[in-house]
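First to last, the protein sequences are chains A and B.
Our numbering numbers the first residue of the first sequence as 1 and each following residue consecutively.
Our numbering numbers the first residue of the second sequence as 1001 and each following residue consecutively.
Calculated directly from the structure, the hints in this document are not laboratory data.
Treat the hints with care, since some could be wrong.
[As the list claims (entries may be wrong)] Restricting the straight-line Cα-Cα distance to at most 27 Å, the calculated cross-link-like pairs of lysine-lysine (DSSO-like) are:
id	chain 1	residue 1	chain 2	residue 2
1	A	K443	B	K1334
2	B	K1321	A	K199
3	A	K175	B	K1169
4	A	K85	B	K1103
5	B	K1169	A	K199
6	A	K176	B	K1334
7	B	K1427	A	K325
8	B	K1321	A	K443
9	B	K1333	A	K199
10	A	K199	B	K1174
11	B	K1479	A	K325
12	B	K1321	A	K85
13	A	K257	A	K325
14	A	K83	B	K1103
15	B	K1396	A	K36
16	A	K83	B	K1322
17	A	K175	B	K1201
18	B	K1322	A	K85
19	A	K393	A	K443
20	A	K443	B	K1479
21	B	K1174	B	K1334
22	B	K1334	A	K199
23	B	K1201	A	K349
24	A	K57	B	K1396
25	A	K443	B	K1322
26	A	K176	B	K1169
27	B	K1321	A	K83
28	B	K1169	A	K349
29	A	K443	B	K1333
30	B	K1201	A	K176
31	A	K420	A	K393
32	A	K311	B	K1201
33	A	K176	B	K1103
[Stated by the list, open to error] Over the 10 Å line for every Cβ pair with chain B, so calculated as not near, a few chain A residues:
id	residue
34	I203
35	R256
36	A366
37	R400
38	R467
39	G473
40	M475
Fair warning: this is a prediction, and the values are worked out from it, not measured in the lab.
Backbone N, C-alpha and C define an ideal beta-carbon position, used for all residues, glycine too.
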Amino acid sequence: MSINWCNTALQPRVSQSLRLPWAPAANERDRREMLKRIGVNDAMELYNDVPPEIMLKEPPNVGFGRQLSEWELQRLVDSMLSKNKVFTDPPPFLGGGICFHTVPAVIDAILSRSEFYTAYTPYQPEINQGLLQVFFEYQSLMADLLEMDVVNVSMYDWSTAAAEAILAAMRVTRKKRIVVAGNIHPERMEVIETWLLGKEADIRVVEFDRETGKVDLDRLENTIDSDTAAVYVEVPNFFGVIDDGVEAIAEIVHRRKALFIVGVDPLSLGIVRSPGSYEADIVVGDAQPLGLGLNYGGPYLGIFATRWDRKLVRQMPGRLIGLTKTVDGSEYGFTMILQTREQHIRREKATSNITSNEALMAVAAAAYMVLLGGSELRELARSIWLRSHYAAKRLGELERVKAPQFSGEFFKEFTARFPKPYHSIHRALLEKGIMGGLPLADKPPLMDEYSALFCVTEAHSMKDIDRLVEAIGEML
Amino acid sequence: MTLKLRSGWRQARWSEPLVYELGDPNNSGFVRPYSHEDAELERILDVTPEEMLGHMFRDSIPNIPGLSEVEVVRHFTRLSQMSYGVDVGPVPLGSCTMKYNPKISEEIARDPRIRYLHPYQDPETVQGLLEMLYLLERWLAELTGMDRCSLQTPAGAAGELAGALMIRKYFIDKGEDRDEMLVPDSAHGTNPASAAMAGFKVVRIPTSENGTVDMEALDAALSERTAGIMLTNPNTLGIFEDRILEIADKLHSIGALLYYDGANLNGIMGIVRPGDMGFDIIHLNLHKTFGAPHGGGGPGAGVVCARGELAEYLPRPLIAKKGDRYYWDYECKKCIGRIRMFYGNIIPLVKAFVYIAMLGGRGLRESAIQSVINTNYFIALMRSVDGYELPYDPEKPRKHELVLSAKPLKRETGVTAEDVAKALLDKGLHAPTIYFPLIVEEALMIEFTESEPRRQIEEYAGALREIAGEARRNPTALKQLPRNTSTGRLDNVYANHPRSVTPTFRVLRRRLQGEQLSL
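Bound conformation, chain B alone (with noise of 0.2 Å):
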């Protein structure tokens, strides 16, 4: 029996009102607490806010439209509906390391013995949460190789902006004046800005025909004035700086710091540890690696290790067990302070607790071969289609992700990266990162990992192929696309002109009463 599979992906599509046309701030679906209190407690007082706090006292009520419980669950669950993640469909983001998310971390993630524990709390009415912590610390210590870490930095370019300024403060102790940052054109664009957030002036470094840290342009970078260098490895090409340890013993031998940005971990954990390959400081996104959802951008979590005497400059506290005791280590002499509030951020923290534990370290192992594999299974399937090419040495083998180029699509028919990344979208897939790396024109960064199945990938390559043939046969209609989406393709230019830009409700209603408001 052959039975013919309904085709034809359509995402929900209505126009849902902005809550301020649903509500209106005297309506409510909240009942507080002990509300039949408060008259007494006025009658105890004897005095109200508005006395008390004079002119400080606001003189109206917000303007928040308040909605029935049952309208606001509506409201939310249509926009969800009108929203992909990976729960969805594949999301492809090259170097957003888009796993699936087991489900079972939500369900200890939202325990109460977590979520109502105060962040002051006595450290011994805390132990089992602390005991997690303390193990987490340690699998991924032991995974990169590194001596500490420090489970405070919420996000991974929090944990770069503290690996930089770890590096700054470093220097200043030893008394020298060293203010340049070596970065690769090819790295994540937080690389640049964390650096430059610390202080340094960011000297860029070429990417060599190969598609590897450019050897002579790193020599000639190399000086007193040197810091260090922020590598990724895999690189964002994919591609591993196979030269690591001579670039390692350069940066060494001037006694300048090597800074490993986590974000491509998901290739080679369990295979090579950054430690070994000369890192010394390092900051992993446990949110990509470990499988903590991304939460729409956010909550994510970093982490920041480092080795031998940089372990030192570590934000505090750090998580630390003495006998059969767990507690936060405040102790700092020269570590750099906080980089933000209490510890991190902790439901992500659990559930990279939970991801680690339940995989082990062959299951993390196994994860990496198999987005390995998943990357150049993709890659194969791509050979033969016409109009995109690998750039940067076409034979080597990828890691955890790929860039395309769309150049030759685009020369032969004037359909860009980005036409071919709304025409996926088109067909319920997500689209790759197109913004960058930088170095490569028209590109797809496509990052698999290894929860997409052998046939998620072929229908993905096969998108590919069937968006290049419709861009030969008809480009002016794909230049149209999507179609099936939510919403048709948006206007960029007017959401970032001047007189148009409207990031407000309150800025929209500025604008309707005919006030000329410009940026």
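If we strip away everything but chain A, and leave its shape as in the complex, we get (with noise of 0.2 Å):
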């Protein structure tokens, strides 16, 4: 292929009075000869077939009524998001399932990097293996953390991994009753719910002991019968607490051949025995803290995994990428796997529906587990478990707290209850500039207005924690 310059330069400049501003409309000269080769004289007689009577007559009433310059732009965001409030000095103390942690300069660098952001599905995998491999990386290093044998990429978040791992056990099982601890996060709860309204599932909620904050073991042995299909339960619970009961759980659930489906902060594996050592079926849970951010609400990564079973893995949903050979035999690489059993090829037979899913936070949750190592990882966690009891300690320090307010151990997060309506002790935290816990008192599982989740991890200094503590000690 050979080409002129001189001409190229001697093009005509774009003299439409709009330009697409990323370059990718032709200009005018360009369009001309194109719709002279596709044989029309105007663009809208490409949209002959379109019903008139339903054609816009007008450009939609959308953005700021015209077209903005990068700067316009830029000026018109800082001047919005200025009424945003930001807290880093003490960081939020908010917890409810997603906590702020820090985030490693590294992540961003490589998430940076466009070949992986503005890549697609690897439907191609040997245009892709750089991508397949991370994909293949973060599956293994969960895999490894987790102590489970298969994990997806991935599902949206820890939520939507609980109800299609209740939907996979109903499929697997053919039952339709699930048991679900009644002191799971109340908005995971409610996702489960809208998950199986098309399913006729008979949703079942087991107690917790007030007293601990763990699943009440008689009450679940109660409730589970033969046709249960699975049992949900989260460790740490929404309370925070790491139930010791989980192994008793799962001699209940497998003695009436249930299916155990555990939901788990990987950060807290650290330190914390894996789901897979206790015989869990599934495993479900959110991969924020290990690297994401908090981003008000997402996107974050949802896990899946399951131990080694034609069945369950059969019944997994989303995308899984495994190892393979080059056709002649002489490499490694990476593709997507057993394909089979999802939408584009299984269509209403499919595992699930999903297709997009959180890929790219996968490459940031692998980036941050290999920058930390198993090691540290352990002195992580311990680090952020000594910082929650001191908190915990400090507000029981103070008069007519309790904290922790059950005696189940816990991990980063805790709740407390106060001598007064928490909610009155939140507003003036904020006057202070402290974005103190959750108040519970619309959660359902403790619907309390005295007491509220604290959330501490590696970011809060003692000094942070002491200031928390000393602004509530002063309001009561």
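Make the complex out of the two chains shown on their own, each in a separate frame, by following the hints.
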């Protein structure tokens, strides 16, 4: 191929009054020539099959009435975002499943590689080996953290992973009864209920022990029966409590031939036993603590793992990446596997409808996990444990404050009960620039206006915690 | 002066070890904050996690290899070089709408005044972001002719599920027992999967010879059991369903609803609105149509919108405004509930806001028109190329995309659509969608969008012409491609065989230790 540079330089400048700012649009001359080649005089002839009565007469009234330049947009956005209040000194003590964790700069640097972030689902593996290897590494690292054999990339978040796990369990067992621990996150409960709307599932909630915050084993035993497809328990649960009855739960569940689904905070697994070690069949969770940031609710990363079992893996939703060879047998490579489960092939018989997932977040989680390594992952989890226990201890020393509220052992999050409605404390804290805990007045598992859920992570120094405790102390 | 351009594309190629081969669990590239305080905390608390957790304490260090920061950066950078995205070259995957993604949205989405916001933060402290989301919702409603939108759905498929569940609940509330969902055989695979997840029986509607819904088959399928139809318009063949008003009348006259799959909106945005076509519920794929990158398969952003009484069924919370304050409206008498936690994938939502703000209504309309010109220009270029055909009324203009068939080429040379796809990779061009629509044999579903320059479209057509020529000269050699990519053609049978399928390193380790694992 050869090209005459002089002619290129002499091409007319774009003369349209409106330019697509990212330079995709053809210039006027190109457009004319393209239309001529197509065989129409005007581009609108290509819309002749649209019924004229529904054609818009004018461009839609969206945006700011005209095109904006980058600079105009930046100023506009800046004026909007200046109305947000960011809490970094101290970082927010808000929890509720999503906490303020530090995100190393290297994670952003990796996510900013446009070969990753502008890629699509690697349907063509040969040209996307790098991305596929990262996905395989994410699956592998997460599998080792959970001590499960198979992990997908990925679900939307913890809640939809839990809902899909329940749906998968219903397919595997062909049963419709679902037992859910009453101390799970209330929003997760709502998501599960929504996803099961079409499936005539019979959802039963097991009340938790109000003293310990843990699953009440007797109640569980009485709720579960031979028609039960699965039991779903979170470790840590909504209150941050690590339930040490999980082995007993697994025994009860498996005795009734039901599946044991466990939801976890992956970061807790630096110090807490893995769900694989206590016989979970399906594990779900959110990798948000592994370098993803807050982003006001998303994107996060839904974890979905199963043990090595034909039925479970075949009913697993979402994408799976596997190791393979080149057809000539000379090299290893990576490709999407077991796609016959997926919607683009199985259609209405598919395991689920998921296509776009949270793939780029899996890249972040993989990078975060290897940046830490197993040993530092343990130290980080230990450090978070120490900090949250320090906060609970200090709050508990305040007069008439019960912290932690439950006697069960906890990780990262804990509830505290105050002698006056927490809402007033929260308001007053905000005025001091402190974002306190999550009020539990309207949160279904507890519904207690005197209680709040606090989250303390590696981002909080002892001084941050002292400031919170002292500020609350002054208000009581 | 005439210069010769370099040709002969090559992708980066080396064997990058797995992280397990690079690091070990005792290495780390991370220093945790305030680590100097840990000893003091242990002293104050006078108890350790080992003691408190008891048998719940993990007695082994997780088998996660650790690397120094420079090793992490090099490993991932090298892997990125063996990857392909829109910034590298065209990704004309039909129905996936892979546009160029403006860099300014990346910069704005990274603003700490967004990334550091906690989802449970008091609404008074996030007014700026809420204002953005409020405007986005209003714009999307305006663009689609709908009344309200829920920003919660994290992808198009989640929007479909929400829509199907809304239809289900709507009829339950009305006391009507409608359990059938009509889905054309050309539809995205997500449509039947979503309908089935919502508990519907899927009734397949065939495509007529001219590439649109077969009206006789539609009439035959309609009954008092029909809950609705899931349609995309233009459809996956790139053809506009020109009898859409008639279809809407038919469905509405028996009390059924119309669901619009917004995956193909790019060719008509600003020109015609789903609401005006008669649709009741729609979803949009903001990551496709409004320029948020796909990230290798997510995060996406779906939005589900509805009009009339159906709007009451939208997943909650919805963004709302009272006076000059923005807030989340949780009121939920009829709604289906939450489809995921919190409010949606905020980052791609912000990118969609940026995209629409910068283009304005006229810019969006121009984008649609340019994408349609690009599609039809490519068709015009392909008319003179033997080996491919344009099934279903080749004279009809296509909209956002087109589906070619390599059936003549296969008949003549044995070279399949998949072989053509691999040969395209070999030239540094991403292959089109070849897995569907199932109604076209040897399908090549191509969508350039407005972001591909004319020259790129010509190069793509030229590549397809070359491949057809090569298929006639030496079909065997062509079947060995690709060679210029990071790896040669991969073995799908080995990848999926029950005795060799290996989804994690953990399974590989078990295999290497001699365990006989079968799936």
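The hints, checked one at a time:
no.: 1; hint: K443/A with K1334/B; in the structure: holds (20 Å)
no.: 2; hint: K1321/B with K199/A; in the structure: violated (35 Å)
no.: 3; hint: K175/A with K1169/B; in the structure: holds (23 Å)
no.: 4; hint: K85/A with K1103/B; in the structure: holds (25 Å)
no.: 5; hint: K1169/B with K199/A; in the structure: holds (12 Å)
no.: 6; hint: K176/A with K1334/B; in the structure: holds (24 Å)
no.: 7; hint: K1427/B with K325/A; in the structure: holds (22 Å)
no.: 8; hint: K1321/B with K443/A; in the structure: holds (24 Å)
no.: 9; hint: K1333/B with K199/A; in the structure: holds (21 Å)
no.: 10; hint: K199/A with K1174/B; in the structure: holds (19 Å)
no.: 11; hint: K1479/B with K325/A; in the structure: holds (17 Å)
no.: 12; hint: K1321/B with K85/A; in the structure: holds (19 Å)
no.: 13; hint: K257/A with K325/A; in the structure: violated (38 Å)
no.: 14; hint: K83/A with K1103/B; in the structure: holds (24 Å)
no.: 15; hint: K1396/B with K36/A; in the structure: holds (16 Å)
no.: 16; hint: K83/A with K1322/B; in the structure: holds (17 Å)
no.: 17; hint: K175/A with K1201/B; in the structure: holds (19 Å)
no.: 18; hint: K1322/B with K85/A; in the structure: holds (20 Å)
no.: 19; hint: K393/A with K443/A; in the structure: holds (24 Å)
no.: 20; hint: K443/A with K1479/B; in the structure: violated (60 Å)
no.: 21; hint: K1174/B with K1334/B; in the structure: holds (11 Å)
no.: 22; hint: K1334/B with K199/A; in the structure: holds (18 Å)
no.: 23; hint: K1201/B with K349/A; in the structure: holds (11 Å)
no.: 24; hint: K57/A with K1396/B; in the structure: holds (23 Å)
no.: 25; hint: K443/A with K1322/B; in the structure: holds (24 Å)
no.: 26; hint: K176/A with K1169/B; in the structure: holds (19 Å)
no.: 27; hint: K1321/B with K83/A; in the structure: holds (15 Å)
no.: 28; hint: K1169/B with K349/A; in the structure: holds (22 Å)
no.: 29; hint: K443/A with K1333/B; in the structure: holds (18 Å)
no.: 30; hint: K1201/B with K176/A; in the structure: holds (18 Å)
no.: 31; hint: K420/A with K393/A; in the structure: holds (19 Å)
no.: 32; hint: K311/A with K1201/B; in the structure: holds (24 Å)
no.: 33; hint: K176/A with K1103/B; in the structure: violated (48 Å)
no.: 34; hint: I203; in the structure: holds (12 Å)
no.: 35; hint: R256; in the structure: holds (23 Å)
no.: 36; hint: A366; in the structure: violated (8 Å)
no.: 37; hint: R400; in the structure: holds (22 Å)
no.: 38; hint: R467; in the structure: holds (14 Å)
no.: 39; hint: G473; in the structure: holds (17 Å)
no.: 40; hint: M475; in the structure: holds (17 Å)
When each numbered hint is compared with the structure, violations occur for hints 2, 13, 20, 33 and 36.
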